[in-house]
Amino acid sequence: MADSPSLIFVTGGVRSGKSRFAEKLATEIAMKTRGQLNYLATGVPSDCEMFARIEKHRRERETGKHHWKTMEKSVQIEELTLAVNNHDIILLDCVTTLLNNELFSGGDVRDETFLSKVKEKIMKGIMAIKNRASTMIVVSNEVLNEPLAGNELVFTYGKLLGQIHQQLVQEADKVFLIEVGIPILMKGAK
Amino acid sequence: MHFVTGGAFNGKRAWVKKTYPDACWLSAYENVPMPSLLNDIDKNLLVLEGIEIWLKELSDQNDANQSREIWKHHLEAWGDWEKANTKRQLVVIGTDITKGIVPMEKDNRLWRDVTGWAFQDLAAKAEKVDLIWYGIDQTLKPGGDM
Numbered sequence: 000m001a002d003s004p005s006l007i008f009v010t011g012g013v014r015s016g017k018s019r020f021a022e023k024l025a026t027e028i029a030m031k032t033r034g035q036l037n038y039l040a041t042g043v044p045s046d047c048e049m050f051a052r053i054e055k056h057r058r059e060r061e062t063g064k065h066h067w068k069t070m071e072k073s074v075q076i077e078e079l080t081l082a083v084n085n086h087d088i089i090l091l092d093c094v095t096t097l098l099n100n101e102l103f104s105g106g107d108v109r110d111e112t113f114l115s116k117v118k119e120k121i122m123k124g125i126m127a128i129k130n131r132a133s134t135m136i137v138v139s140n141e142v143l144n145e146p147l148a149g150n151e152l153v154f155t156y157g158k159l160l161g162q163i164h165q166q167l168v169q170e171a172d173k174v175f176l177i178e179v180g181i182p183i184l185m186k187g188a189k
Numbered sequence: 000m001h002f003v004t005g006g007a008f009n010g011k012r013a014w015v016k017k018t019y020p021d022a023c024w025l026s027a028y029e030n031v032p033m034p035s036l037l038n039d040i041d042k043n044l045l046v047l048e049g050i051e052i053w054l055k056e057l058s059d060q061n062d063a064n065q066s067r068e069i070w071k072h073h074l075e076a077w078g079d080w081e082k083a084n085t086k087r088q089l090v091v092i093g094t095d096i097t098k099g100i101v102p103m104e105k106d107n108r109l110w111r112d113v114t115g116w117a118f119q120d121l122a123a124k125a126e127k128v129d130l131i132w133y134g135i136d137q138t139l140k141p142g143g144d145m
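So the sequences go chain by chain: A and B. Numbered per numbering that gives the first Met the number 0, the first sequence spans residues 0 to 189. Numbered per numbering that gives the first Met the number 0, the second sequence spans residues 0 to 145.
For the record, the hints were derived by calculation from the structure and aren't laboratory data. A hint or two may mislead.
[To be verified] Derived Cβ-Cβ restraints for the label pairs, each shown as a range:
| hint | chain 1 | residue 1 | chain 2 | residue 2 | range |
| --- | --- | --- | --- | --- | --- |
| 1 | A | Val153 | B | Gly143 | 37 to 45 Å |
| 2 | A | Ser45 | B | Asp79 | 25 to 33 Å |
| 3 | A | Met122 | B | Ala123 | 35 to 43 Å |
| 4 | B | Thr18 | A | Arg14 | 34 to 42 Å |
| 5 | B | Asp112 | A | Phe154 | 17 to 25 Å |
| 6 | B | Pro20 | A | Glu54 | 50 to 58 Å |
Note that beta-carbon positions come from the ideal geometry of N, C-alpha and C, so glycine has one too.
Here chain A stands alone, though its shape is the one from the complex:
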């Protein structure tokens, strides 16, 4: 019998090993529950180098020992909800890209109503998918320990990201902070 859906939040600095940890965690859960691995890719290839990196990642996941399905959604992840069932393990990597895509998808970034809609939409999307899945793992990036005040857009982005991270920590069953490849359990039981 499947356990109730769970949410795991994984965050860390750039190149901290957070994605690798999250993928490993997902495969462990998949083996234990005989679930289906799904990679929710949020990146829009903006240049050739990025395209190559995304393709390389995809190849690695698809030819590896564990079979991953790839879902691509750069905005409005909530549209994937109905495609998800309770055998699915969903890995969303990562929130910073998703926030970036939603913020610059055409709304007015100076409009507070638009900004809170973006925040709500991302959280609702994550929770809706999580509630249908077996496990949802969400990866994000630590970027809030430097000055944000110099640039209005950076400030807005940082504020939304911080608020989303706070909500994710609150909703998550487990939270890991990855430092130099080592996971630190910040919330939840081992």
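With chain A fixed as given, assemble chain B onto it according to the hints.
Same frame as chain A, but now just chain B:
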């Protein structure tokens, strides 16, 4: 003295409001200048918020050593206010701005250096230090509570 730190938008203010209700707040984010003497504060519970902004002003007008000296004087004065009455409690909130890429501009590099040192001075002087990470608090210095 209780020092509360953490990254931007990590829930520091909400945590302090929950831990210390009904305080008098002096916030750099509301353009309150850095106070030197606190004698006129009529509450026993005082929160100073946004010290990194005050440190920016300090480092804009002084070199590194002078900034740190002035900062230490302020810490002394704040500590004296707190010690003058056992009912008094001072809470100081500072946003960590020290973990990004080295800033391009010289004045922002100085600001970051001064902030790092000032936070160390404050943490050494404070009885309690807490790090807030997306609402989760981690006590770095537990203080002498019974």
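Is it true that the C-beta distance of Pro20 of chain B to Glu54 of chain A lies inside 50 to 58 Å, as the hint says?
holds (54 Å)
Is 17 to 25 Å a correct range for the gap between the Cβ atoms of Asp112 of chain B and Phe154 of chain A? holds (22 Å)
With respect to the beta-carbon atoms only, verify the hint that Ser45 of chain A and Asp79 of chain B lie 25 to 33 Å apart.
Given range 25 to 33 Å: violated, Cβ gap about 56 Å.
* Okay, Thr18 of chain B versus Arg14 of chain A on CB: inside 34 to 42 Å? -> holds (35 Å)
Holds or violated: the 37 to 45 Å window for the beta-carbon distance between Val153 of chain A and Gly143 of chain B?
The hinted range 37 to 45 Å holds for Val153 of chain A and Gly143 of chain B, with Cβ atoms some 40 Å apart.
| request: Could you check the hint for me, namely that Met122 of chain A and Ala123 of chain B are 35 to 43 Å apart, CB to CB? | output: holds (39 Å)
Figure legend: structure checked against the earlier numbered hints; the only hint not met is number 2.
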